[in-house]
Amino acid sequence: MPEVTTTFSEKIPHNFAVRIYYEDTDAGGIVYYANYLKFFERARTEWLREIGVSQEAFLQQKLGFVVKKVDMEHLASAKLDDLVMVQSRIIQLKRASLVFQQQVINHDQKVLCTATIRIACVDLSLHKPCAIPELILGAFKRVS
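What the sequence shown shows, in my numbering, is residues 19 to 162, in sequence order.
Derived from the structure by calculation, the hints contain no laboratory data.
Please read all numbers here as calculations on a predicted model, not as lab measurements.
Take these hints with a grain of salt, some might be off.
What the hints assert, rightly or not - List of simulated lysine-lysine pairs, DSS-like, C-alpha gap at most 30 Å:
#	residue 1	residue 2
1	Lys-86	Lys-159
2	Lys-146	Lys-80
3	Lys-128	Lys-86
4	Lys-146	Lys-128
5	Lys-87	Lys-97
6	Lys-159	Lys-56
7	Lys-56	Lys-87
8	Lys-56	Lys-146
9	Lys-128	Lys-87
10	Lys-97	Lys-56
11	Lys-80	Lys-159
12	Lys-80	Lys-97
13	Lys-146	Lys-112
14	Lys-56	Lys-128
15	Lys-56	Lys-112
16	Lys-56	Lys-80
17	Lys-159	Lys-128
18	Lys-97	Lys-146
19	Lys-97	Lys-128
20	Lys-86	Lys-97
21	Lys-56	Lys-86
22	Lys-87	Lys-146
23	Lys-112	Lys-86
What the hints assert, rightly or not - Label pairs and their computed distance ranges (CB to CB):
#	residue 1	residue 2	range
24	Gly-46	Leu-153	44 to 54 Å
25	Leu-142	Glu-68	18 to 28 Å
26	Glu-64	Ala-114	14 to 24 Å
Note that CB positions come from ideal geometry on N, CA and C, so glycine has one too.
Construct all of the structure, not just a fragment, from the sequences and the given hints.
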């Protein structure tokens, strides 16, 4: 059976503000590269919460989202005390996975970091991919 795929483009992004703290920076005073992944994760999690997808309820069903692939590019640096915005879009939605396009922008709308992140739905008791529940698929389709 072929995989069901929906592709989205030019959708309004979800926005999530992040203040840069000392713990986010490296010895040079700029955001340590791996911390952008934390910002992206927080933005996706908050988006789920806003559309009514409870991570806790998901875990009770022995389901989880795991990162399968990340393609990230750093274009400029954020510094201590900067307030940046993480913008997120779902650009592809399949039966068992989805792809987010995310970027961090500063107050001047300059793009600092971009990432394309594939997330898979996993049955946590079997540690195998599984279909995203219809209720959650519907929520994603409404916001994408």
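Hints, verified against the model:
For the given pair, Lys-86 sits about 21 Å from Lys-159 by alpha-carbon distance, which is consistent with the 30 Å threshold. For the hint linking Lys-146 to Lys-80, the alpha-carbon distance of about 11 Å falls within 30 Å, and the restraint holds. A distance of roughly 28 Å separates the Cα atoms of Lys-128 and Lys-86; the hinted pair therefore holds under the 30 Å criterion. Our distance criterion of 30 Å between C-alpha atoms is broken by Lys-146 and Lys-128, whose separation comes to about 39 Å.
A threshold of 30 Å between alpha carbons decides the hint, and for Lys-87 with Lys-97 the separation of about 27 Å falls inside it, so the pair holds. A C-alpha spacing of about 25 Å is found between Lys-159 and Lys-56, which places the hinted pair at or below 30 Å, so the restraint holds. For the hint pairing Lys-56 with Lys-87, the CA-to-CA distance comes to about 15 Å; that is within 30 Å, so the pair holds. A hinted pair counts as satisfied when its Cα atoms are at most 30 Å apart, and Lys-56 with Lys-146 qualifies at roughly 24 Å.
Using a Cα cut-off of 30 Å, the hinted pair Lys-128 and Lys-87 holds, with the two alpha carbons roughly 25 Å apart. Taking the CA atoms of Lys-97 and Lys-56, the gap is near 16 Å; set against the 30 Å cutoff, the hint holds. A hinted pair counts as satisfied when its Cα atoms are at most 30 Å apart, and Lys-80 with Lys-159 qualifies at roughly 23 Å. With a C-alpha separation of about 39 Å, the suggested pairing of Lys-80 with Lys-97 is violated against the 30 Å cut-off.
Taking the CA atoms of Lys-146 and Lys-112, the gap is about 16 Å. The hint holds against a cut of 30 Å. A C-alpha spacing of about 20 Å is found between Lys-56 and Lys-128, which places the hinted pair at or below 30 Å, so the restraint holds. Proposed proximity of Lys-56 and Lys-112 is supported: the alpha carbons are some 24 Å apart, at most 30 Å. For the suggested pair Lys-56 and Lys-80, the alpha carbons sit about 23 Å apart, so the restraint of at most 30 Å is met.
The hinted pair formed by Lys-159 and Lys-128 meets the criterion: a straight-line CA distance of about 29 Å does not exceed 30 Å. For the proposed pair Lys-97 and Lys-146, the alpha carbon gap of about 39 Å is over 30 Å, so the pair is violated. The straight-line distance between the Cα atoms of Lys-97 and Lys-128 is roughly 13 Å, inside the 30 Å bound, and the hint therefore holds. The suggested pairing of Lys-86 with Lys-97 holds, with an alpha-carbon distance near 29 Å, which does not exceed 30 Å.
Of the supplied pair hints, the one linking Lys-56 and Lys-86 holds, its CA atoms being roughly 15 Å apart against a limit of 30 Å. Distance check on the hinted pair: Lys-87 and Lys-146 sit about 16 Å apart at the alpha-carbon level, within 30 Å; holds. In summary, the hint linking Lys-112 to Lys-86 is supported, as the alpha carbons are separated by about 14 Å, within the 30 Å threshold. Range check, Gly-46 to Leu-153: about 45 Å between beta-carbon atoms, so the 44 to 54 Å window is met.
Range check, Leu-142 to Glu-68: Cβ separation about 23 Å, and the 18 to 28 Å hint holds. For Glu-64 paired with Ala-114, a C-beta distance near 23 Å keeps the hint of 14 to 24 Å intact.
In this structure, the earlier hints numbered 4, 12, 18 are contradicted, and the remaining ones agree with it.
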